[in-house]
Each structure stands twice: as C-alpha cells, then as structure tokens.
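**Q** These protein sequence lines map, in sequence, to chains A and B. Position one of the first sequence corresponds to residue 2 (my numbering), numbered consecutively onward. Position one of the second sequence corresponds to residue 2 (my numbering), numbered consecutively onward.
Hint data in this document are derived by calculation from the structure and do not stem from the laboratory. Keep in mind that a hint or two might mislead.
One copy or two, either will do: identical chains are not told apart, so a pair holds if it fits within one copy or between any two.
[To be verified] Only pairs whose alpha carbons sit at most 27 Å apart, straight line, appear in this in silico DSSO-like list of lysine-lysine:
1. Lys72 x Lys55
2. Lys237 x Lys156
3. Lys737 x Lys838
4. Lys615 x Lys682
5. Lys484 x Lys85
6. Lys783 x Lys838
7. Lys156 x Lys128
8. Lys843 x Lys821
9. Lys377 x Lys237
10. Lys73 x Lys398
11. Lys194 x Lys128
12. Lys762 x Lys73
13. Lys843 x Lys573
14. Lys237 x Lys813
15. Lys73 x Lys539
16. Lys60 x Lys737
17. Lys156 x Lys423
18. Lys573 x Lys559
19. Lys813 x Lys60
20. Lys77 x Lys522
None of these values were measured; they are calculated from a predicted model.
Number of protein chains: 2
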Amino acid sequence: MENSKNIYEFGRVTEGDASMRALLGGKGANLAEMAKIGLPVPPGFTITTEVCNKYYSNKNSLPTEVWNEIKKSVTKLEEQQGKKFGDKKNPLLFSVRSGARESMPGMMDTILNLGLNDETVEGHAEKTGNPRFAYDCYRRFIQMYGDVVLGIKAKDEHSIDPFESALNTAKQNANVKEDTELSAEDLKNLIRKYKEIVRKYSSKEFPQDVFDQLHGAISAVFESWNNDRAIIYRRKYNIPSEWGTAVNVQCMVFGNMGETSATGVAFTRNPATGEKIFYGEYLINAQGEDVVAGIRTPNPIGNLSTDMPDVFAQLNQVCQTLESHFNDMQDFEFTVENSKLYMLQTRNGKRTGLAAIRIAVEMVQEGLINKETAIKRIPADSVSSLLVPIFDSDTKKEISSIASGLPAGPGAASGNVYFSAKKAEEMHANGESVILCRIETSPEDIRGMLASEGILTSHGGVSSHAALVARQMGKVCVCGAGKLGIDYASKTITVGNVVIHEGDAISIDGSTGEIFVGKLKTAPSEVNQVLQGTLDAKKSYTYKLFDTIMSWADESRKLGIRTNADSPRQAKLAFQLGAEGVGLCRTEHMFFEEDRIDHMREMILADTTEGREKALSKLEPLQQSDFEGLFREMRGYPVTIRLLDPPLHEFLPNEENAINTLSKKLGVTPERMKLRVSSLKEANPMLGHRGCRLGITYPEITRMQARAIFKAAANVIRSGTQVDVEVMVPLTAFAKELKNQTDIIHSVAQEVISSTGIQIKYKVGTMIELPRACLCADEIAKEAQFFSFGTNDLTQTCLGMSRDDVNSFLPKYFDLEIIKTNPFASIEPGGVGALIKLACEKGRSVRENIKLGICGEHGGDPASIKLCHQYGLSYVSCSPNRIPIARLAAAQAALS
Amino acid sequence: MENSKNIYEFGRVTEGDASMRALLGGKGANLAEMAKIGLPVPPGFTITTEVCNKYYSNKNSLPTEVWNEIKKSVTKLEEQQGKKFGDKKNPLLFSVRSGARESMPGMMDTILNLGLNDETVEGHAEKTGNPRFAYDCYRRFIQMYGDVVLGIKAKDEHSIDPFESALNTAKQNANVKEDTELSAEDLKNLIRKYKEIVRKYSSKEFPQDVFDQLHGAISAVFESWNNDRAIIYRRKYNIPSEWGTAVNVQCMVFGNMGETSATGVAFTRNPATGEKIFYGEYLINAQGEDVVAGIRTPNPIGNLSTDMPDVFAQLNQVCQTLESHFNDMQDFEFTVENSKLYMLQTRNGKRTGLAAIRIAVEMVQEGLINKETAIKRIPADSVSSLLVPIFDSDTKKEISSIASGLPAGPGAASGNVYFSAKKAEEMHANGESVILCRIETSPEDIRGMLASEGILTSHGGVSSHAALVARQMGKVCVCGAGKLGIDYASKTITVGNVVIHEGDAISIDGSTGEIFVGKLKTAPSEVNQVLQGTLDAKKSYTYKLFDTIMSWADESRKLGIRTNADSPRQAKLAFQLGAEGVGLCRTEHMFFEEDRIDHMREMILADTTEGREKALSKLEPLQQSDFEGLFREMRGYPVTIRLLDPPLHEFLPNEENAINTLSKKLGVTPERMKLRVSSLKEANPMLGHRGCRLGITYPEITRMQARAIFKAAANVIRSGTQVDVEVMVPLTAFAKELKNQTDIIHSVAQEVISSTGIQIKYKVGTMIELPRACLCADEIAKEAQFFSFGTNDLTQTCLGMSRDDVNSFLPKYFDLEIIKTNPFASIEPGGVGALIKLACEKGRSVRENIKLGICGEHGGDPASIKLCHQYGLSYVSCSPNRIPIARLAAAQAALS
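Please model the entire structure based on the sequences and the hints provided.
**A** See below:
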C-alpha cells in the first residue's frame, strides 16, 4: 500500500518514530526517535523508501511532485535554522545519506557539506570565521559528490582515485603528512584541481546550483540501492530489492571545525566480545567518513575522557539512555562541533556470534530483556562460533606472535596470505584456505572477504570497514596492525626483518589480535573441552554462556533434535552436544572402510544369490558391531538406521590399476571386473538402481542388514542398555516397494526375537525423498510407522537439479535473482516445502501420530528448521556440530 | 462386497445371466445366458470368482462350507440327469473348467471326463455300449488330471510329456497313426501305463474316489489363476489379480463317441479379417481340447455341411441367434454327441485390429450397434494395423512363395527364423527381428511370441493356440502350413529341396498365408498410399474402414490432436493423418543434421558471447528455413516450437578420432576440445544444465531461435499462408526463469514485427515437466500463455527414475507386481497424474482459458489420453503414426 506522504521531518518538529523503519529506513526512524527522547539531533527530513520505488518506476528519475515537496521542506529548514540554502552570506548546508530498512553498512552512499559552491564557501568561511575549515568542507564535498553522483572512481583496486591522488600531491607540495595540516590556501588550490578532475572525468563543470546538487545527490542515493555492492549484500542477507532505501537530508554539523571538534563511532558494549564496556573510537577535527573509511587510525574512545571530559561524560549518559530505550546494544555516530555534542545516527549494533550470545545472556541477567527475546535475538548460526577450534594454548606459548592488531572478529584462522580480494577469491575456489591481507578494506572487497578464513589489515580501527564486515560475516579479523608493512606491489608483509610473501601461511587470532607466521595447531573450543571433560565447566565463561542459552532454547522448542551419525564416535559427540537420538545412520558409509570395501565388492561382483550371501555374511558381524556402538552411545534414544542406499557402482574401482589389484584379490579376471563396472554405470545414477530398489532386487542385502541391526539390538539390551530401533527404507516411491521391504524386516526381527528370547522395541519406516512419495504419502503411511524427509533428493527431483551439476547455472541464477537462496542449503518452500507439507498432511490422515522427521543437510539450517516447525514435524536431524544451532533455531521457530 | 451365494446353477434351472461376469466369470455367465435363450447347454454349476479369493485367503484351500455346497449341487445334477457321480453302473461325468471375468485363452486349465475310475469306466462303457470310447475318455482324464492337478509335465520345451510319450509308444505298438485308431484293448493297456506314470511322478496312486478327483480339480483351477502364464497374461492386459477365476462344473457331453460325434470351435465372423462369414473348424470323434491344442489340424467349418448337414444348418442358425443377442462377434465351442448339438461356451471373439475395425463398422451399417458402441469396441491401438507396411506387390510377383498356411494374423513380417521361444526372446533382446517357427505353440511360448515379429506353425488351425494368441497380440501369423518340415533337432525347415536354417531370414504374409525366403521389400499400407495419392480411395476397402472410423471418432472427441514433428516431412505426414497442429517441434533435432552439427559445436566451444553469436548466426538461416517448412505444412494450425533443451555435451563427440577431426575443422587444439567435452560432462545430465537453463546462461541462443521463428513466420505470412506460432520454453521450475526467457522472446518478436511490418499471431508458453512447475503452476501461469506437459521428464523426476536406467530393476518390479504398467509407456496416475491434475487446476485458477497440452510419448498412449481427457487438457500431441490411434482414443475417452 502506498503512503501518500513522501517526506517526514525530524529535529524541531518530529513526525516519525522508531516503529516506522519500513517507511523511513533504519536511520531515519532512529533519528526521529532520538529527537523524540531529547537527544541532540541536527534537524532534517527523511524521504521515504516508497519514493525509492517511485523513483525506479518513474524511469530512474525523481517524480516532479516529490521534488516540489523537497523544496518546501528545505524552505522550512531555512526558516528554522535562520540560514538559506545557497545563500552567499549565511548558507545552509546538508548531509544527504541513504538509510534502508535493514542497515547495510558501507554498502550505500553518503554526501556531506552539500550546498557549498564557489560563492557559498566564502559565506561559510566568513560566518564560521574559519576559512581553512570552509575550504576543507568544500573540497570534501566535491570529492564525495564526484565519487557518488558523478561516478569518478579509481579505475581498479590497484589504482588510487584521482581526488585522492590530487590530495596526496597537495600534501607533498605542502610537505605535510595529515590533511588537517593543509592550509586554507593549499585547500583552495586543491579545490581548483578537484574541479579540473570533475571536468576531465565527467565532461561537465562541477554544479554550482545548490538545488542541482541536492537533486543529483538524492538521485544518486536512490541509484546506489542497485549498485553491485548493495545487490551482493542483499543477496547474502536475503533483503528484498522491493524494500528500497530512504534518503535523509540533514543540516550539517561539523567535526572538522578545529581542535574542539571531533567525530566518532561508538558501541554501548563491545561488539566483538559482547563485554559490557563503552567501546568505540573518534578523530579530532574530522568528518564522519574519516573514521569509517579507515584512512586515519582513530583514537580509542577512552582517550576522549582526557581530550573532552565533558563530552565523554555526556556520551556515557547517552549510552545508558540508548540501551534502556532501545533494549539492545547500540552502535551510534556522533559529532562534536565546537564542544557541542550531536547525535547523527543510532542503530542496533552488528556483533559477532560470541557477542550476540553474551549480550543476550547478560541483558537477561540485567533485567533488560526476557529469555524469549534473548533467544530470538541470537542468529542461530552464531552458536557455532562457540564451537570452532581455538589456537592451542601450549603452541601459542612456544611460538611468539610477530605483531598484533585490534581483535575485531574473534576466532582462530590459518591460511595462505593474499593481497587482493580477487586473488583471495580465486585461490579459495582452488581449495586453499586464505587470509586476505589489505592495508584497509573497502566495499569492493566483499567477495574476497567472503572467500577468506580471516581478514588482516594494517590501517583502520574497530569500526573500520574491515572490522564491521568481518563481525557481521562471522569472520576472524585483526585490524589496524600498524607494525605490518604491507606492500601491494611486491606482495609482501614486512615486520622487522621478517618478510612474508604472497601464498605463505599465517595465522591470526581474532580474539587477542595476535599474528603468527605459519599454520598454528588448533585445540577444541572451550565448550568442546568442557563437554569432553578436559576443562572444568566453572572455569569457562564461554561454556556458561553456551549452557545458559542452550537450556533456555530447550525450554522453548517443540522440535526434537537428532543427529546424522554413521559411527559411534560421531554419535558420542552428538549426544554430548544435545542430540536426542540418531535421525540418520547411513549404513553404506560403514562399507567404505578399508577392511570392508572388498567384501562389499565381492558381493557386487557375485553372480548368484548364494555368492552374494557369502560376501554379505562377512559384512554382517562388522555392521552388527557398529550398530551396537551406536545403540550404546544413544542410551535408549531412538536410532534410525537407513538400509543401503547408493548405486552399487559407487563401491567399485574405476581406474585400471585399482581394477587389476582388486581382480587379483577376488580371483576374477580384470575383463569380468571391467564388464561388471561398466554394466553398473548409469546415465543418471541419482535416478537409477539405488535405494529400496537395491533391497528389492537383492533381498539378501536387506536381510543381512536387518539381521545385523536386530542382533546388535539384542546384544545391547542383554547388556542392560535400552535400545529404540527405527529401520528406514530409502527412496520409496510406491507403497508396495515399502511393503516388500517391511515384510523382510519384520520377518527377520521375529526370527531374532524368537531365537534370542529378547524383546526388541522397533519401528519400520521410510525416507520420503521423491515427489511421488509425497503425493501418495497416505498410501505409504499405511506401511510406514515413520517418515523421514530426505530433502536433498527431494530437492533434486522436485526442481530437476542435480546437486553435483548446478554450479554451471546457479551462480547466474543468483545474479539474475531468479532464485535467492541455494535450494540445497535452505529448503525451497514453493515446491519442496509444499511437497513436505502435503506429505505430512497425507501421512497424518492415515496414521494420526506418525513420527515425522527430516534428515539431510537441511536439518541443520535455521530457515529450514523454521519450516519444519511450521509443518509440524516431530524432529530434525543434522550433523553433530550443528546440533546446538538446531536447538536454538528450533526454539526461535517455536517463539516466532 | 462379498456375495453370500457361492454357487450358481445353469441348464435346467438357471440362476445367472450374462450381466454377472464379474461373479461367474465370462464362461459361467454366458453358459447361463445361452441356457436362458434356449440354446442347448449341458447343465452344470458355476463356483464364483469370490470363492477364488476365499480359496487364497483360506491358505490355498477350499473352505469346508463351499465344499459342502458343491456336494449338494452335485446331488441336484444327479437327480436332474438320472445318473450318479461315481456310480459303477450309470456314472455321471463332469468337465471342470476355469472361467475368469475376462477371457484368458490358453492361460487356464481344464479337466474333462472327471468321475471316471477303474470301476465307473466299466459302467460308462456298458451304458454307452462303446468300451473303446469309454477307455479313451478314461485315458484322456488321467492325462489331463496328471498334468493339471498333479503337475506331471514335460521337463522342458524340447521333451515330450510322459503321457504323450506313452501314447506314441502305444500307437507305434499298434502300428497306427491316429489315436482314434487305437482299440479298446490298446487303450486299456495305455491306461495301465498312465497310472504307472502317475505313481512314478507324483508318488501317489491315481485317485479312485470321484469326490477326491473333483476336489483336486477345482483346487487346481483356482491354483492355475496364479501360474506363470496367467500372471504374464494379466500383466500384459492389465487384469487385476484380485479378480480371481470362477470354476464351471458341467455334465459331460462327448464329441468322441464315434463318427456321428464331433467337436469344434467357430466364430460368427472371420476374426482375422472381420469378414462376415461363418468361420471355424472341427474334428470328428474328438474332445474339445484336441481342436485348440493344434495336435491334429482340424477341418474347415465349411466341410461340416457335407459331414453333418443338419448340424451345420443348426449352427448357422446359432450364429444369428448369438450375434443378434450379444450384438458382437461370437467365438463359441460346440460338441456334437451322436448327432446332437451342444453349446459349451460362447464369448465375444478375440479379433485382430483389422477385424475389430471392420466388424465394428459393418455392424453399425447392419444396424446391430450404434457408432458410439463401435468406437468403444475398437482397441485404439488396433488402428495401427491399418497403417503398418504391407509387402510390396511387385516384389511378391517376382518372388514366389515356398509354401503357404492359414492366414491367421494379417500383416507383413520379415525376420530371422528361430525354433524356440527362449531363443526368439534372446535374439530379440539382441536387436534382431525374429520369426518364431514352431510345429505348434503352447502357452509356455507366450514370451517368445511377444518377442517375435511373426509366428509360423506347421500344425494347428485358425483356432489353434498360435492363431488365437497372435490375433490378440496383433502379431502376424501363418499357421498350419503342413508342407513345412520343421525339425527342432537340426533347427531347420525343409520344403522340397529348400532348407532354411536357424537365423535365416524369411518373410510371412499373415493376410494371405504365404511364406517367402529372405526379407521381402515392403510398401506403405493402403491407407498411406491413399493419403499420399498413389492409390485411389475408392479402390481400397481398408481406407474406407479407416476413414469411416476416424470420422466417427472426430465427431465424438473433445481433445485436440497434434503431432510431435521435427521436420516438414514429418509434419506433412501428420497433417495427412489428421493432426491439428504441431504440439512439439524439438529444435535440437534440427541441429544434428550433417551440415549443422559443426556450427553447433563451434557455438559450444566458443569462449565468448561474440564467438557464440558468430556460430549461431550460421545456424539461424537453417533453422528459419525448417520453421518455414513446418508452418507451410501446418497451414495455419498452431505450431509449438520448443527452444533448445538437451545438455550441450550431447552435441560434442566423445571418441578420440572424432575429437581430432573436429578440432582440426574448428581450428582448436584437441586438448582444448577434450577439456571442454569433459567440462561439460555431468553427473546426472537429466538434472543438469539443460532446458531454459541454457537459454538463461546463454541468452544469445534464445535470441537466435526466436529470431529464426519469427522471421520464418513473417516470410510464410508474406507468401499468403496463415501462421499460428507458439514458442515454448523447456524445463521451467521457477516463474522467474520463464519471465527471463519470455522477455527475450517478446522483444525479438517486436523487432521482427516492426522491421517486417507483418503482424504475427504468437503465444509464449512453457513445458511443465518438473514437479515444482506443477506445484507452482499458478505463479508460472502468470507468465505462460500455454502449458505443455512433458510427461517423460515429469515421470523421471516424480518417480526418481531415469528412463535410461530403469531396466535394471523394472522387470523385477513387474514380477513382484509392485507396479503393473511401465510408467514411461502410460502416465502413472498416483504421482505423475496427480501433478498434472494439480497443475491444470492451478494454471486455470490464474488464467482461465490457458491452453493445456501434453507432448512426449505418453501423448499417443490410449490410457494416458483417457487421463488427459479427464484432466480437461486442450490437446494431446504424439508422433505422426500414432495420430489415428490418438483420435480414436480421444473419442473413447469422451464416450467413457
């Protein structure tokens, strides 16, 4: 629905509030909110996100009526401020900033000091009595406008943009290091240079009409919604392109008016660790972009207590106000103009997974939020940050770090070092672990950062682009390690007499900021150490956080959580991490081990049922012993064992040599072996002779597996441990297929029960992984005591996409936004989800209390878990390491 | 629902009628009906098909209460006939025959002369005054009982069964040729031998208790419902195993009482050609099985007018009665006992496709049935018998036949001759065309007959097993060619001094009975000759039949019929056969031709869009000219053109040599070529980079094809022929994929329309061939002006079965009755059909009048056409030769 109002004021008169972020964007809504609660916000107005859509549907152009309204709003501000936009004497200046519904840091564009031209700059100088400052504002304005509106940029990542280059020349000429040291005259000359650059690159004069400037800037912000960086970001975070961005036009305040002015970025808590301390950084005599861009390394916020004690005290107060008002950790920007504090932005701070958990848990303890809010606020995936390996503490004692920087993204990362985003991406695609090392990062580096294990910079502070993005991506990051001499040309890092070359291995500890040469040995996370009994729970605050959040999640969730485990070892780990059973044991994985594969091959090569039975009889005791291990580790929780699934040719060797060796071993001719290998080759093995089709054509396989299962169960029960067996038939399409297999399984079960005299609790069910199985789930439910959705195969068949082959077109699909999420990562709701939903309904229509689960990779994906909750499944099953994520995601699904 | 009555009487008292075939089986119901309309039927009773199910659910045993009822019914018959079952003086004898709901000729078992034992045979001899006859009956009874009940059979197809062997010895000892020549004493000795055989093979004495005999015989008939032959037959004709068989117990009448007795089989019209003549054969002094078994070649029915003129006149009268009562061609069995006629069975006669059409058409002309009945009565597939090639008449004049037999299955067949069913099956599997040559066929030969092009026998008449089965299967058959010396041992046929060896090519004309050495040249069918203008329509009665039935079908059907055609030639043929448009033109087939494949390969090997466009520009005029041909042949009817569908690697060579040749031709290194070939290889190409995924990643392909289509359309319109274009996008899963492609197609269409100034009528639609497309058909219908169901791919994905790989397990599935019909031949209704139905509903919910069609092989399958009619599709599309079948099947669907 369209809103008729295009523009909302804030400051003196405030029309919006925090609840209106869809319309005003996050920045606009929070500026309004801060103004409402009495924080010092320079006045301005927000052009709504709906205008963004109008802009695009009006052929990428501002509709005339909107422009007229903007001009009216400017007039109001002129009246309020007693200044005039474009006035030679007393000019009103604006910042123009984007502000989408969800914050997209560094993705969108900003313009400061708008309204300056050759004439107004003089008025600005006169009015402020500070010509140097005025010219600094003007040259900044030209530079930003040139970049953002006129598209004058560096040609590639190795070149410097022409404005920066001119600035450097000016500093050289003046023989100074910092741009703050340039004189008014230097700056006037620089402005001339800048205008020449504009003429040369855009074939136009720099616009002197301030309304032209404003029109261009607003349009450019709207255009920036569809630049490459924004699109990539939106794709990664699933932000719909229809949301659009708002534009905030705000009266300028100046952090660059001299030594009593400053600008900074701060957090109400540490966004990397979650610790409750005032955290951030600032620059004296600077404008906002200087801090974020990482060009100058800013001062830690603590220093402000000596530089500007009053402002520091006021900021501490602001922290408390913001947290108690927004009930969440805030990330805010401020400017001090001649010792007066202004708030320019606040938002819920991006944070690392670790910080998200710590802040949520501690805020509950502080009474700021309740448990449910805490659970909802932690991205489920972030729990994994508590489980990733850390550097081994003994090793760290032996090898000393060569340098250190700011710990901006906690965790341990090792990899080969590369100096450009492109190269990092390339080597990652080649299978290398990569550490991206840059002097500073910029939005153009996003893809390379995504491809890296860790990010290392020599410039920029904890709110630099590198730090910000790394935190959000959950990447390990050390930034502002000033001791590193990074040279792009020679592709080296030099620290003292240590020289690290491109491709060399390094390790970075994002929790401490340390940098090491070589790949450091890692140790299990603290949580794993506690679970494994090698660390006292009381000594690990991380474990306490983990345990707290898991117990809260378990209170809320409705879904059961099981694990996919093919060995007792995996089952044990999963049990420690909270698994309530095994949802999928892929029995074929047991066949791949060294001593077993040859028996399997013998079975496949046999010509007769007897020959197959002979080979199977060798596998049986091995399988049985694995099953016993699984049952013991699961201590009476259900264990779902899937019968042999993959096509048989997967077990046979392909290469000449391997065939010869095997043929000798099994006493068949290589020719016969080759013949058999090639006779088992299939055009589309995914749709071939596999799943229950194997058990139906070779019932002796099913009999062997069933016998191993039930004999194992009997043994374990005899030794005093409860067992809950679920035998699962794969790839059922027809109820009669299942009937064929369940008949065998039940009869073997009865044999074992009567021969051992031990009662075994068991169910027989099936994978639901073909569209027909979903469509005919009512018929199948008559035979099946449980369903487990095999979403991988279901995705392949429902979408007609082989997981092994999609990479030839899926990247293009993402580019074109044909699909937004990899359907093999997250359940595709329109087709695959619809089939699951239908199968649940049909299954229940026949067997009211049928157990419904999901195994396969989707079982550990939060978005898919949410769907599973909605479909009313009984449980999800995932790999052991994703169990904690699944527990949290299940709680979130229940609370949403 | 179970019927409480287990037994129905017929004869003196008649409880059933023709409408009760589900319960009484075809034979039982029609015996009752004949009795009701006054035809001479020996009395008896029918045990219902429900008892068959009771038998199986009672652990393969007759329930006691049923047995008691049977004994009561025997008592009633004893009272009616004044004889007593098992009586030494005046014994009552029975035949026991199976009788299923649908006639299954030769599949089930029959026992005659039941009630004879060492004592009753003497009474039978005395009462009939004919000891020779009595002993003949007894030895026949032992032989049949031994075979059917006790399972004493020949070991394999090359051995003779022990009874037959003993019979031969007896004939040799008596120095006679025919068994009718054996004396009473000879037969008495033979009976002794027979009883020894029973003792030896079954380790039991031949049962002397007549009730034991009856109990055994009834049980054996029920058992025969599940013998291999019956199961194979049911599978072929889709008869559910739950139907069961009835058992008919009937008082014996004897065709073997001497020269005034006879037995025969006759048809009210010729079942091979449909001609309205009394047709059949008989044997004097024989029992029923002798005729059908083909051991003695019987006399043509016409001879009966001299042998038994009264009976012949009476039979002619029976023919008229039966046809006017049953309104269909009847196949009946009769026995003449001492000049008195008895009717033992009547049923709707099996007939060839040609006969089915002729009979149906002529019965309408005779006023016996209406057009709708005629249409419903012709198996749709049988129309194809009017279209298959015939032997070229000129060639037949040059080459004279070496022998001739009875024309029992019309058509022309050439192939290599084999002498056993097993070998025929084997060589067929090797890809050979096979003619199965047997002295006589038996039910064991069914699989081999199915595998053969034609069947040739030296023994047996037009109602022999060979003739019967060939007619029903639509196989070419020449039987009873007595001049052929067939020797199984040396595997030869000798005719005069011509010797034909196993594997030699022969030709048989089932319309004339002629047999030729070598493969004869064939000519188009008469229908095709008329359609092609090389034969005057008035001179061909076959064409007249074809034309009549097609015009009746067109009056009734609701579905449109289109063709799959990839070339103008195919389109022309289809148009002649009645196609109302092209439902599928697979454009890639055009690329495989000699002069084009290299351009295609050049396109695939290109690295850049420009390189691809260059190669495509060479293909464009070639495609355009094909499309022009299609449009011209279709004369304004819609032509659906599918864009490139298969994965690109299908176009590249695989073999070393071919790669080298091609690499020279295209000027790339063989290494690069190999690299590209292997980079295009996919794990599961069916689920890979194909369909619209190609057009999305390489939009220049779509642009080229669209341009060729619209430019062709413009040219044809310019020349004065109307054109109705439908551009079809393959393998859509997501609406946005389709949007991507339709945008390109519409923009190319507009370009061509504005550059040529010619208005082109066109639609853009999509294949629906993935489960997701069905589930999201509402979204897709927003973009698609029509849907065409690609049931082949839909079957593959819905069932998770690759058509190229199913043969490894599908035969087993048929054996186990997990599925009954090949899902690639007939739409699988539970999954695939359900998806189609859903997609139709969803498509119409968004676009009420959306055109819905089906292309792919299922479009020519009558069962699938029926489903398509039910789902309310607009049309079906099939290969040109199946168009007439589809027209008829569509009419049948509309009438059912």
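**Q** Each of the hints needs a verdict: does it hold here or not?
**A** Each hint, compared with the structure:
no.: 1; hint: Lys72 x Lys55; result: within (18 Å within a copy, 92 Å between copies)
no.: 2; hint: Lys237 x Lys156; result: within (26 Å within a copy, 73 Å between copies)
no.: 3; hint: Lys737 x Lys838; result: both (23 Å within a copy, 23 Å between copies)
no.: 4; hint: Lys615 x Lys682; result: within (24 Å within a copy, 37 Å between copies)
no.: 5; hint: Lys484 x Lys85; result: neither (48 Å within a copy, 120 Å between copies)
no.: 6; hint: Lys783 x Lys838; result: both (18 Å within a copy, 24 Å between copies)
no.: 7; hint: Lys156 x Lys128; result: neither (38 Å within a copy, 119 Å between copies)
no.: 8; hint: Lys843 x Lys821; result: between (30 Å within a copy, 24 Å between copies)
no.: 9; hint: Lys377 x Lys237; result: within (20 Å within a copy, 60 Å between copies)
no.: 10; hint: Lys73 x Lys398; result: neither (66 Å within a copy, 103 Å between copies)
no.: 11; hint: Lys194 x Lys128; result: within (25 Å within a copy, 136 Å between copies)
no.: 12; hint: Lys762 x Lys73; result: neither (78 Å within a copy, 52 Å between copies)
no.: 13; hint: Lys843 x Lys573; result: neither (35 Å within a copy, 48 Å between copies)
no.: 14; hint: Lys237 x Lys813; result: within (15 Å within a copy, 48 Å between copies)
no.: 15; hint: Lys73 x Lys539; result: neither (63 Å within a copy, 90 Å between copies)
no.: 16; hint: Lys60 x Lys737; result: between (59 Å within a copy, 21 Å between copies)
no.: 17; hint: Lys156 x Lys423; result: within (15 Å within a copy, 77 Å between copies)
no.: 18; hint: Lys573 x Lys559; result: within (23 Å within a copy, 64 Å between copies)
no.: 19; hint: Lys813 x Lys60; result: within (25 Å within a copy, 63 Å between copies)
no.: 20; hint: Lys77 x Lys522; result: neither (64 Å within a copy, 98 Å between copies)
Going through the hint list in order, the structure does not satisfy hints 5, 7, 10, 12, 13, 15 and 20.
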